[in-house]
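Chemist: Generate the whole structure from the sequences, applying the supplied hints.
According to mature numbering (1 follows the signal peptide of the UniProt record, and there is no 0), the stretch in the sequence shown is residues -28 to -1, 1 to 244, in order.
Where hints are given, some of them may not hold.
Ranges between beta-carbon positions, derived for each pair [stated by the list, open to error]:
1. 241 x 180: 31 to 41 Å
2. 10 x 45: 21 to 31 Å
3. 114 x 195: 20 to 30 Å
What the hints contain is simulated information worked out from the structure, not anything from laboratory work. Treat the numbers as computed from the prediction; the structure is a model and nothing was measured. Glycine included, each C-beta is placed from N, C-alpha and C at the ideal position.
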Amino acid sequence: MTKRSMSLLGRACALAVLACLLPAIAQAHMVARPVSWVLDGTRFDSVLVYDDAVRTLRPGLVMVPNWHGVNAIAIDKARMIAGQDYVILLTDMYGAAIRPRDDAQSMAAIRPLMADRALMRRRIGHALAVLKAQAGSAPIDLARLAAIGFCFGGTAVLDLARSGADVRAVVSFHGNLTTDDPARARAIHAAVLAMNGADDATTAPDFAGFMDEMRQAPAPWQFVVIGHAVHCFTETEATSPTGMCRYDPAAARRAYSLMRQWLANSFAPGAP
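Modeler: If you want it as structure tokens, here you go:
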């Protein structure tokens, strides 16, 4: 066989291998598949989000969106955060029949949960159990579990921590910081990071009380106040230039960076 023939054969083999790989490459994409369950007679419709191009196990995150609940914007946000780093269960806290279309409906949706924090803890705790159960079909490392939440979702994941849940970390973005029982902080095992805007009129009155509560927690915690930010600083849909619920790209970038660092430190071998 001549050198030219060998070269042509090599190219043909390379093309054949590439042809075999292309279907797999084409099929690799960000998965967003429905996950449903029934709790206390109510059906909940959530979404599991991860990049199936990555085969290695990665941390699993329960993510609770803002008070508008599970919608297209929340799914896009979960995709952005998940990337190739996390498997995220975007969690329905209201039930499949409740999908708020405006702020008034969102307020009505969260009111029963804010009034009954035991119900809040039961629902978010069940979502964590559902995330763990996905490990058989999604690349979740069960030794690295955490929860993140936004606005109302921040409240929910803080209550997950207060329940004593077995997660390594909890991160709250511009969440409501109140609790029905400050002594529950003594049960916290997760490393808690809460980030709120310095000019957030919704949550600022609760800053001191939250820190007093967290001083009882045996686990690591950090409370970050982001200068010049108001409520909703990670919510891209909060477009009002002057409203007290307003997206702040710089504050969002800083908060996401802090989240990733906090999670990485919490998942590190030997972390408390």
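Chemist: If you check the beta carbons of residue 114 and residue 195, does the distance land in 20 to 30 Å?
Modeler: Check passed, 29 Å falls within 20 to 30 Å.
Chemist: The hint says 31 to 41 Å between residue 241 and residue 180; measuring C-beta to C-beta, is that right?
Modeler: The hinted range 31 to 41 Å holds for residue 241 and residue 180, with Cβ atoms some 35 Å apart.
Chemist: If you check the beta carbons of residue 10 and residue 45, does the distance land in 21 to 31 Å?
Modeler: holds (26 Å)
The earlier numbered hints are all upheld by this structure, with none contradicted.
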